[in-house]
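The residues making up each chain are set out below.
There are 4 protein chains.
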Amino acid sequence: MIVVLKKDATIEQRGDLIEWIKSLGLDVHLSEGKFQTVLGLIGDTAGIDTELIEGLSIVEKVTRITEQFKKANRKFHDDDSVFDIGSEKIGDGNFLIIAGPCSVESEEQICDIAGSVKKAGAQMLRGGAFKPRTSPYDFQGMRGEGIELLLKAKKLTGLPIVTEIMDLSHLELFGEVDVIQVGARNMQNMELLKALGKTDKPVLLKRGLSSTVRELLMSAEYIMAGGNERIILCERGIRTFETATRNTLDIAAVPVLKELSHLPVIIDPSHACGIARYVRPLTLAAAAAGADGIIVEVHNNPERALCDGPQSLKPEQFADLVKSVKKVREAIL
Amino acid sequence: MIVVLKKDATIEQRGDLIEWIKSLGLDVHLSEGKFQTVLGLIGDTAGIDTELIEGLSIVEKVTRITEQFKKANRKFHDDDSVFDIGSEKIGDGNFLIIAGPCSVESEEQICDIAGSVKKAGAQMLRGGAFKPRTSPYDFQGMRGEGIELLLKAKKLTGLPIVTEIMDLSHLELFGEVDVIQVGARNMQNMELLKALGKTDKPVLLKRGLSSTVRELLMSAEYIMAGGNERIILCERGIRTFETATRNTLDIAAVPVLKELSHLPVIIDPSHACGIARYVRPLTLAAAAAGADGIIVEVHNNPERALCDGPQSLKPEQFADLVKSVKKVREAIL
Amino acid sequence: MIVVLKKDATIEQRGDLIEWIKSLGLDVHLSEGKFQTVLGLIGDTAGIDTELIEGLSIVEKVTRITEQFKKANRKFHDDDSVFDIGSEKIGDGNFLIIAGPCSVESEEQICDIAGSVKKAGAQMLRGGAFKPRTSPYDFQGMRGEGIELLLKAKKLTGLPIVTEIMDLSHLELFGEVDVIQVGARNMQNMELLKALGKTDKPVLLKRGLSSTVRELLMSAEYIMAGGNERIILCERGIRTFETATRNTLDIAAVPVLKELSHLPVIIDPSHACGIARYVRPLTLAAAAAGADGIIVEVHNNPERALCDGPQSLKPEQFADLVKSVKKVREAIL
Amino acid sequence: MIVVLKKDATIEQRGDLIEWIKSLGLDVHLSEGKFQTVLGLIGDTAGIDTELIEGLSIVEKVTRITEQFKKANRKFHDDDSVFDIGSEKIGDGNFLIIAGPCSVESEEQICDIAGSVKKAGAQMLRGGAFKPRTSPYDFQGMRGEGIELLLKAKKLTGLPIVTEIMDLSHLELFGEVDVIQVGARNMQNMELLKALGKTDKPVLLKRGLSSTVRELLMSAEYIMAGGNERIILCERGIRTFETATRNTLDIAAVPVLKELSHLPVIIDPSHACGIARYVRPLTLAAAAAGADGIIVEVHNNPERALCDGPQSLKPEQFADLVKSVKKVREAIL
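Top to bottom, those sequences are chains A, B, C and D.
Position one of the first sequence corresponds to residue 9 (this note's numbering), numbered consecutively onward.
Position one of the second sequence corresponds to residue 9 (this note's numbering), numbered consecutively onward.
Position one of the third sequence corresponds to residue 9 (this note's numbering), numbered consecutively onward.
Position one of the fourth sequence corresponds to residue 9 (this note's numbering), numbered consecutively onward.
It is possible that part of the hints are untrue.
Just so you know, same-sequence chains aren't split out, so a pair can sit in one copy or run between any two.
Below 25 Å or equal to it, Euclidean Cα-Cα: the simulated DSS-like pairs (lysine-lysine) are [stated by the list, open to error]:
id: 1; residue 1: K206; residue 2: K139
id: 2; residue 1: K202; residue 2: K127
id: 3; residue 1: K127; residue 2: K322
id: 4; residue 1: K15; residue 2: K83
id: 5; residue 1: K322; residue 2: K202
id: 6; residue 1: K139; residue 2: K335
id: 7; residue 1: K266; residue 2: K14
id: 8; residue 1: K14; residue 2: K163
id: 9; residue 1: K266; residue 2: K335
id: 10; residue 1: K126; residue 2: K163
id: 11; residue 1: K266; residue 2: K69
id: 12; residue 1: K69; residue 2: K163
id: 13; residue 1: K266; residue 2: K139
id: 14; residue 1: K69; residue 2: K322
id: 15; residue 1: K78; residue 2: K30
id: 16; residue 1: K15; residue 2: K266
id: 17; residue 1: K78; residue 2: K209
id: 18; residue 1: K266; residue 2: K322
id: 19; residue 1: K127; residue 2: K78
id: 20; residue 1: K322; residue 2: K15
id: 21; residue 1: K139; residue 2: K202
id: 22; residue 1: K139; residue 2: K14
id: 23; residue 1: K15; residue 2: K202
id: 24; residue 1: K331; residue 2: K97
No lab work stands behind these hints, which were simulated from the structure alone.
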């Protein structure tokens, strides 16, 4: 950690600061320039609160050199993490295709789609039971009942399931769920993350829509610090000034996350753009950029079919997409 | 609500869509232009899911004309909301000054500061018991014990207290707290918002760091839909590309929120900039822009004083600031 | 264009507004809802100034339904634009690979690199002669002399060249240049765009780092309005809160631009991320997402090789990349 | 400047890098930590290209400690800059009120408004002659003729004038103009900035809508490096995800810029929000935050008055605002 002092800091103040830093178990290297004095803090600085130091009146700037995440850090874990989900694997060259509807709506709906996506090549079923909607007047999901229906679809098809948790009080409903999803709005719900750190289930952790990749890794660290190290990181678009798509897919997050961390990284193209006709190019881009998987919305709702096309892909489009994804994967080897 | 159709939509598809909209209890007005056909949906569209309609393959664009928030909407509630907090009032010309430390650290600390800020003119005490920190290795707050200490400071000074809740499972610890704060990271923790809608305590709702003002009002609506209409909206800086300050204070949010809603609006200049020496100008700007109050960090920690100045204001600087705030308030009348 | 009136607009004011709109040659459709009155403006609204209408005190909101760009609009030009650059083509399935150094530094350097990139599969040479640097103390480019050296490299290799113009007073220096580049900082330098509209040279127009895709198309429209319709659109990363990469590559801009416009769209992965080791995954993602080409920095500077690796790709890495790009192109057909 | 090396950098590579840095006239301090080696570069690093160093394959991160701007830097110029504009002063406690229409439209219009704003307390007249419009089909301004009309208004009222330059080829038209404005879109038009550095006229330099405060200061440095040190910095809103206002006024830029630089800082509330009814609160906030002046749009156009209220303030509202600004200025002393 580098601490730049203000030019009007007295030698006494500087001495007090150095003494205090040393009392925290760190070494300090002092470097005096013409206009600035710089302290280099040497040792394990992960537990040091940079905001506290930045707040000191004699300090101009603090820069962290060592990343604050440890268990998620590739520096201390050279190899890609790889783990089982049902009979499938993710990470270290294993590409995971997750598909399913936005929301679980009925037994017929979820079982139908589960069958279709399995046939098309999906290895895992997604479906929302608890729905975090911006408006209290919008449909809030089937909740516990939705999870029951997902489990029926799992039984029928053998596909493992992933669904989103919205509050830690619902955790007991997730006993049979294969992977627990933490949504973008809850990426920094620290109490929920801590609780998930105590479970033995893989967690699909979505990036908050205004969170940096380093903050995403700190949220993974919250779960891992509790003992649960099976985390799938998911980039799903960030909020920017551009309004042509709902969010902006940060495709560079794939190589950046894979460099900083050993955890698998997947892409959610459906939420990233919010428009079905852009899902295909974004999914192919994800595969080309080296992602470890995708999670795609696929729908098959006859009531909505009246206008010939809901927001998510139809099963036949998804089947085509899976074929192309496989070809792109081969092309980049 | 305006729905623009694609130019290749057939008359049959269009008819199906119109029929479906009418089945939702709305009237439809059809307008055919040279290049586009536009449907105007007339009636109560607050419960209509725009994403569902946007997803239809014959739809190019959907624009909501009527705001989706109702209880928070000034259109249906002309007068400013005003309500009591202890013996103080907020809203409709009543300016509320809230001050206190970032975190509660000890009985001595919180009682000392409470005394200082009361003397300086604060009408309410703030202090963090549960702390949502980015890193699991940073101090997480004194939690339940911190609330106990805040209550001691309240007893001593008579100041009502506000402190942040991080999970709805902690709600019972907040029985004696005067105002419950929802932090920026939890602005869209919908389960928590719903639970707060069932309490009878005022809620200080902070804007998420990448939330629009309309999303902030939708989160207020979540609480109000449950029956609790005493919400204080708080602008505390949004995330932008600028890194000279921790966040960017959106000062225009004050007039915008006050135009869209009848709820009181306060500013948190400390979190908006993250640097003590900018708190004074931002606080004065908030008062000048017509805010209904401020919430400011004030610190008085002798251990940290060794380097002569923590991040938050010292009591004597805060006392000066309160005097200037009052003068600015008079100047803009 | 949809104009939503404020609820307190009088019938007289409304009548005046409608009359004025009709005087501009448009029809008006009036729709009265319970809480809002909405005017639909029918006819050619591209020349209507929305800001002027938004500023009227009786107006709440204005939404443009028809895009303001015409010559760049796919609605009026169904087929992909395709045009020649030297003996190469771009657009409508023709993929263009442009490569070269950030700056032209010497005859030896540019001729060496030109030879290497041609051998590796590049169809066009890039190189900066005029350099828009943030600091006046940084190297500003070889300027006119740099263009001379590019022309030597062109003569030697037969590769057409593209280089950036920074001011319209330099236009005469670009007589032998094949494609003129407008950089991100100049995307809204309207006087320059107008001047380029009067030339007969293809223009490579880079997206401003905080410009929407629609603004990019409006800048293309400036050039096309002058008569020059050979524009290559270039996405090169936008500015967001994320700092792990210099900019955030908006990969979805590829399908969005190709839907809105018939113009070819290329990607600049080098400027999008600013870090050589991410150029490969981003380039492959661009090809997978359906871009019409790429423009990549390739360097070969022995002086800088002392530390074994400048920011841009080395020729051998670029040659590998070109092979993979071709495979990805085949995979997505 | 701090250079963090990658952990796999060899001692030889490191030695080569250190030697090269020393050849640039700098000293190097080497600090070896457990996981990282850090080089501290000591000396005048303003001319060092950080991108070049970041691009080296053995470098992980580069952090600039000393700001790159020198002439604009308060560190080398403790006192506030103050300079004359006509018979007025700006800076060091002198507050400058600039007002006028968005565009010059006719002699009658500009002379009328000039008279009104002078009477209301304005000390300088603004008005657009060259207009940078997003669409080529929107009104582009009266150009040279507009400047003629501004000069007539100046003669009539004695108010000095400021108007925007869009291209350096127009510079000769600005001979009688008192202050030349560089608009947000041209903040990084480096050729224009260099040309203005050679003139003897004060420059009003607007912040680009996605430029950091440090980039604004680098653009000021471009002008100052040429010899012209009379720059007025202008914050006019930045582009963020929020759409309730056209841009987001970064009010904290006032104290930040005044801390980093000695140059005067003014606020343009009209362009920051784009909505006339928010101009008053934002202007008062600017005064309270310590700005050195404001530039406000005031309009008086009878043709547009038919709907009772154009976007900019009417003269009588402006007169009221000036009174309140003066009271706020007194309140914060």
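What hint numbers does the structure not satisfy? Hints 2, 5, 6, 8, 12, 13, 19, 22, 23 not satisfied by this model.
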